[in-house]
Amino acid sequence: EAQVTQNPRYLITVTGKKLTVTCSQNMNHEYMSWYRQDPGLGLRQIYYSMNVEVTDKGDVPEGYKVSRKEKRNFPLILESPSPNQTSLYFCASSPEGQGAWNYGYTFGSGTRLTVV
Amino acid sequence: LAKTTQPISMDSYEGQEVNITCSHNNIATNDYITWYQQFPSQGPRFIIQGYKTKVTNEVASLFIPADRKSSTLSLPRVSLSDTAVYYCLLVTGGGNKLTFGTGTQLKVEL
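Chains as they are written, first to last, in the working numbering: chain A, 1 to 116; chain B, 1001 to 1110.
It cannot be assumed that every hint is accurate.
From chain A, some residues computed to sit far from chain B (all C-beta separations above 10 angstroms) [what the hints assert, rightly or not]:
| id | residue |
| --- | --- |
| 1 | Pro8 |
| 2 | Asn84 |
| 3 | Arg112 |
To be clear about the criterion: a stretch of chain A counts as covered by chain B if any three or more of its residues have a C-beta under 8 angstroms from a C-beta of chain B, and this derived list gives those stretches [unchecked claim]:
| id | stretch |
| --- | --- |
| 4 | 36-44 |
| 5 | 71-77 |
Simulated pairs of lysine-lysine, DSBU-like, Cα-Cα distance not exceeding 30 angstroms [said to hold, decoys possible]:
| id | chain 1 | residue 1 | chain 2 | residue 2 |
| --- | --- | --- | --- | --- |
| 6 | B | Lys1069 | B | Lys1107 |
| 7 | B | Lys1107 | A | Lys65 |
| 8 | A | Lys57 | B | Lys1107 |
| 9 | B | Lys1054 | B | Lys1003 |
| 10 | B | Lys1052 | B | Lys1003 |
| 11 | B | Lys1054 | B | Lys1069 |
Calculated from the structure, these hints are not laboratory results.
Just so it is clear, CB atoms sit at the ideal spot from N, CA and C, and this is done for glycine as well.
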């Protein structure tokens, strides 16, 4: 089944303890991206990657890192999490930047992160 | 970035057709109009995309007038399972991100 897989689905951690949220897609998509969703703010892009070894900042990149060493994986790294990073995180992928015509982006099921 | 405006919420009953209109007065020439659906605690799901006139797929239709300053997502014969948030987005050709607004909360009742 074509999908974007995120792990873990739920995570509670303490301030300052480094964590990684994994994202993997099995569709050979070039484009991958991370979003966070907060009440009243909608979904905001954190980072995106157009291809292997090519990453760039989105709207809210502060406090996050990413890497794209393989086409299928795009992990999100929080080096020193803080409570304001408590959010619902989504990874998305697409065959190309704008989404292939009438295809759109495929989103993962989300990771609910709580930083205490 | 061009913004979109859509109703905050809509109510409907099973079996009815639902039309959600989105306003995008400042749409650019190379912008596409795209709609996503999101259920609670799930990732958004692509519904339909168009540039002008009418587009139809197995789940919805998208109507875009000639001036492209608005668009209407039409859901035929909705069911309870169509209760979700629907987002209207403008996606720039070759662009790198989706800009989500607050969407329209559709509630379908018996």
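>> Output the indices of the hints that this structure fails to meet, ascending.
In response: 3, 5, 7 and 8
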